[in-house]
Amino acid sequence: MAAGLSGPAVRVDRLAVVRGGKVVLSELSCEVAPGTVTGLLGPSGSGKSTLIRSIVGVQQVAGGRVEVLGHPAGSRALRARVGYMTQAPSVYGDLTARENLRFFARVLGRRGDAVDRALAAVSLDDHADRVVDRLSGGQRARVSLATALLGEPDLLVLDEPTVGLDPVLRRDLWELFHVLAGEGRTLLVSSHVMDEADRCDALLLLREGRLLAAATPAELRARTGAEQLDEVFLRLVDAAAA
Amino acid sequence: MSARVTAAVAARVLAQLRRDPRTLALIVGVPCLLETLLEQLFAGRSPVFQHVGAPLLGLFPFVTMFLVTSITMLRERISGTLERLMTLPLGKLDLLVGYGIAFGAVAVVQAAVVSALSFGPLGLTVAGPRPLVVALAVANAVLGTALGLFVSAFAQTEFQAVQFMPAIVFPQILLCGLFVERGAMAGWLRGLSDALPLTYAYDALAHTATDTLGPRFAADVAVVCGCILLALALGAATLRRRTP
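First to last, the protein sequences are chains A and B. So the first sequence is numbered by numbering that gives the first Met the number 0: it starts at 0 and just counts up by one. So the second sequence is numbered by numbering that gives the first Met the number 0: it starts at 0 and just counts up by one.
No lab work stands behind these hints, which were simulated from the structure alone. Predicted model only: the values in this text are computed from it and were never measured. From the three backbone atoms N, C-alpha and C, an ideal C-beta is built for every residue, glycine too. Keep in mind that a hint or two might mislead.
As the list claims (entries may be wrong) - Anything over 10 angstroms on all C-beta distances counts as not near chain B; from chain A, calculated: (1) 7; (2) 64; (3) 75; (4) 116; (5) 120; (6) 122; (7) 125; (8) 135; (9) 150; (10) 200; (11) 207.
What the hints assert, rightly or not - Some chain A residues judged to face chain B by a derived CB distance under 7 angstroms, without partners named: (12) 55; (13) 57; (14) 59; (15) 78; (16) 79; (17) 83; (18) 85; (19) 87; (20) 89; (21) 93; (22) 98; (23) 105; (24) 106; (25) 173.
Said to hold, decoys possible - Covered stretches of chain B (chain A as the covering partner; in silico rule of three or more C-beta atoms under 8 angstroms from a C-beta of chain A): (26) 10 to 21; (27) 78 to 84.
Model the full structure from these sequences, guided by the hints.
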């Protein structure tokens, strides 16, 4: 639980990442408040996944600091406390959903009921015993999400968790995210779909490796005078270019 | 290292193999077929079969497990599951040793079936203890697994990984002393042979076949075990929590 934590759940300070000779993130600073659902939004190629990889500690960084729950990103102390869902479903295609979750639960030292809870949370109970390769893309993504939920982490970092899901399922998942935040957990959720921004408590808008804005949806509307968040984004881009 | 996590990895790898009965059938079936072919090929000239039968039996698991492991590990790297594992409380050795245990267990089955066939219907004989041939086969399988884990880091695609087999395994088989006695090799080939782990694996098997289990045999086994540890250490060095 996030109890006892003072300060932000994630603090990124002048982060720089270079991949394949190309600057992906430069001088990026931002914070994620504990107990919130924070949206990381931006077009594809804006550096969302790279920022997420830096926060979970699997990205080689060229400079700056990333602190997660008071520890440097990727520290041993964080490995049981941070849940990570990669953009492509990173589960074993030749195992069933349940077998996948059982394996990751054993790595995390969790009991079998954690598996059932995670499957129920993503509404996969019916397909739990099918081999992942034979599931649809959306179902596979949910197996991957369930894996991230398994350890009941204090921080959940989800890279485009709702891509390819039908609207009902998307709504259910966003409700789940808020339930988890209500329990004191922190969620950082990336998306390239602006209409998901309204479901977030706070937003980080990213473009070309730079932070365009960090605010609540309401603040952004007030600041730009635009109603639609797509329009908000465009005005922020124009304002940054001017 | 954690026994719980290592066991979880081994159980998972075995569960994946169970899902693929065709691969399992090939792992056990192909060496049986090859031993049978060999026996038939040299029918009437039995000493040749007696000479190469036991070493081949001990070397098959090395080849099989090298190939299967390098592909499995490559998939783990490509699919993102390795990246996920690297964010979890899992040590690098948990992963590598877990793989070693799983494929070692498969090698026990493989070597047991192939030796039952070879020592039974095919009439292969060894002067030394037969269980020792099986034990050496399993050690070679673990060596193949450890090397496969290591080289998987240097392949980006499954095509490349498959090509490591002829590149890394064939020269070792050619130079291990099975085809040409090491004493008859040109100096530089002999030197190369000295540097390759399979040479010692073959030598240990040859000593078992002739029941000359002296200090040379003990040294061979020690070198094979040392190479397993070295390959695991190299494999661990290729596993990075942070990637570019």
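Against the structure, the hints:
1. At roughly 20 angstroms, the least C-beta separation between residue 7 of chain A and chain B is larger than 10 angstroms, which holds for a residue marked as non-interface.
2. Its beta-carbon lying about 14 angstroms from the closest one in chain B, residue 64 of chain A satisfies the requirement of being farther than 10 angstroms from that chain.
3. Not every C-beta of chain B lies more than 10 angstroms from that of residue 75 of chain A, the closest at about 8 angstroms, which undercuts listing it as non-interface.
4. Every beta carbon of chain B lies more than 10 angstroms from that of residue 116 of chain A, the smallest distance being close to 18 angstroms; the non-interface claim holds.
5. With a minimum CB-CB distance of about 18 angstroms to chain B, residue 120 of chain A clears the 10 angstroms threshold, and the non-interface call stands.
6. Separation of residue 122 of chain A from chain B is adequate, the least Cβ-Cβ distance of about 22 angstroms exceeding the 10 angstroms criterion.
7. Look at residue 125 of chain A: its CB is around 20 angstroms from the nearest CB on chain B, clear of 10 angstroms, so calling it non-interface holds up.
8. Remark: the non-interface label on residue 135 of chain A is consistent with the geometry, its nearest Cβ contact in chain B lying 17 angstroms away (cut-off 10 angstroms).
9. Separation of residue 150 of chain A from chain B is inadequate, the least Cβ-Cβ distance of about 8 angstroms not exceeding the 10 angstroms criterion.
10. Its beta-carbon lying about 24 angstroms from the closest one in chain B, residue 200 of chain A satisfies the requirement of being farther than 10 angstroms from that chain.
11. Separation of residue 207 of chain A from chain B is adequate, the least Cβ-Cβ distance of about 20 angstroms exceeding the 10 angstroms criterion.
12. At about 5 angstroms, the closest approach between the beta carbon of residue 55 of chain A and any beta carbon in chain B falls short of 7 angstroms, and the interface hint on this residue holds.
13. Because the beta carbon of residue 57 of chain A sits about 5 angstroms from the nearest beta carbon in chain B, less than 7 angstroms, this interface hint is met.
14. Interface hint at residue 59 of chain A: satisfied, since its Cβ lies 5 angstroms from the closest Cβ of chain B, which is below the 7 angstroms cut-off.
15. At a threshold of 7 angstroms, the smallest CB-CB gap from residue 78 of chain A to chain B is about 4 angstroms, leaving the interface hint in force.
16. With a least beta-carbon distance of about 5 angstroms to chain B, the hint placing residue 79 of chain A at the interface is held under the 7 angstroms criterion.
17. Below 7 angstroms, beta-carbon pairs count as interface contacts, and residue 83 of chain A has one with chain B at about 5 angstroms; its hint therefore holds.
18. Interface restraint check for residue 85 of chain A: the shortest CB-CB distance to chain B comes to about 5 angstroms, inside 7 angstroms, so the restraint holds.
19. Nearest Cβ of chain B to the Cβ of residue 87 of chain A: about 5 angstroms, under the 7 angstroms cut. The hint holds.
20. Contact between residue 89 of chain A and chain B, as hinted, is supported at the beta carbon level, the nearest pair being about 3 angstroms apart and thus within 7 angstroms.
21. Because the smallest distance between the Cβ of residue 93 of chain A and any Cβ of chain B comes to about 5 angstroms, under 7 angstroms, the interface hint for this residue holds.
22. Restraint check, residue 98 of chain A versus chain B: the minimum CB separation of about 6 angstroms is within 7 angstroms; hint holds.
23. At its closest, the beta carbon of residue 105 of chain A sits 4 angstroms from a beta carbon of chain B; the interface hint therefore holds under the 7 angstroms criterion.
24. Taking 7 angstroms as the C-beta contact cut-off toward chain B, the hint placing residue 106 of chain A at the interface holds, the least distance being around 5 angstroms.
25. Interface restraint check: residue 173 of chain A against chain B, minimum CB-CB distance 23 angstroms, threshold 7 angstroms, status violated.
26. For a cut-off of 8 angstroms, the count of residues in the segment 10 to 21 of chain B with a CB near a CB of chain A stands at 6, and the three-residue condition holds.
27. Look at the segment 78 to 84 of chain B against chain A: 6 of its residues bring a Cβ nearer than 8 angstroms to a Cβ of that chain, three or more, so the hint holds.
The structure fails hints 3, 9 and 25 (numbered hints given earlier, in ascending order).
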